[in-house]
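Colleague: Each residue of the sequence shown is one higher than the one before, starting from 1 at the first, in my numbering.
Mixed in with the good hints there might be a few duds.
Here are the simulated BS3-like cross-link-like pairs (lysine-lysine), alpha carbons at most 27 angstroms apart as the crow flies [as the list claims (entries may be wrong)]:
hint, residue 1, residue 2
1, K126, K4
2, K126, K11
3, K11, K95
4, K95, K126
5, K95, K34
6, K41, K85
7, K34, K4
8, K4, K95
Simulated restraints on C-beta separations [stated by the list, open to error]:
hint, residue 1, residue 2, range
9, D31, R116, 21 to 27 angstroms
10, E60, K34, 29 to 35 angstroms
11, I133, P30, 22 to 28 angstroms
12, D43, S115, 28 to 34 angstroms
13, P107, P63, 29 to 35 angstroms
14, Q74, K41, 16 to 22 angstroms
15, D17, T119, 17 to 23 angstroms
16, V48, V8, 31 to 37 angstroms
Since the hints were derived computationally from the structure, they do not count as laboratory data. Even glycine gets a Cβ: it sits at the ideal position worked out from N, Cα and C.
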Amino acid sequence: MQRKYRIVDRKLVETEDGSATVTVFVNPTPDERKLLVDELKIDEHNLVSALDPDELSRIEFEPQHHAIIYSRPQNYCDKERFLFKCGTVGAFLFKDRLAVVVSEDVPLFDSVQISRVQTPAGLLLKLILGAVIHFRG
């Protein structure tokens with residue numbers, strides 16, 4: 001599943017047209033994986049890593065983009081116990097756009113850190129900041 005966004009007046013706005021500068025791929029279908037690998041030139045290993053919850057965080061510099069794989073905290077609260085789990089996010093930053101790959105449909109953009117966004121690169125930094133703040137407690 002794809003969700004497309006563009007930045008309007010420093011806010012992230014969901015869009016359906018071709019003006020998207022940010023695309024989120026949730027558990028990409030085979031066709032979406034083909035698009036990511038063939039058209040966006042994302043390394044297949046990095047794509048698989050973005051969907052692996054046990055993957056180690058890293059940054060890789062590719063000719064057309066930067067690949068950032070990082071852990072995103074996920075809290076699960078049961079009646080009597082609190083579980084802390086991590087999911088993995090694959091962020092692929094191009095010159096003028098950002099592609100984000102996640103295995104589950106999780107809220108990425110509803111935190112207070114995601115405000116006053118100016119560029120896809122700035123949005124990526126805010127996503128990483130949100131993960132760091134959550135880990136710090």
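Colleague: Of all the hints given earlier, name the ones this structure violates by number, lowest first.
Modeller: Hints 6, 9, 10, 11 and 14 contradicted; others consistent.
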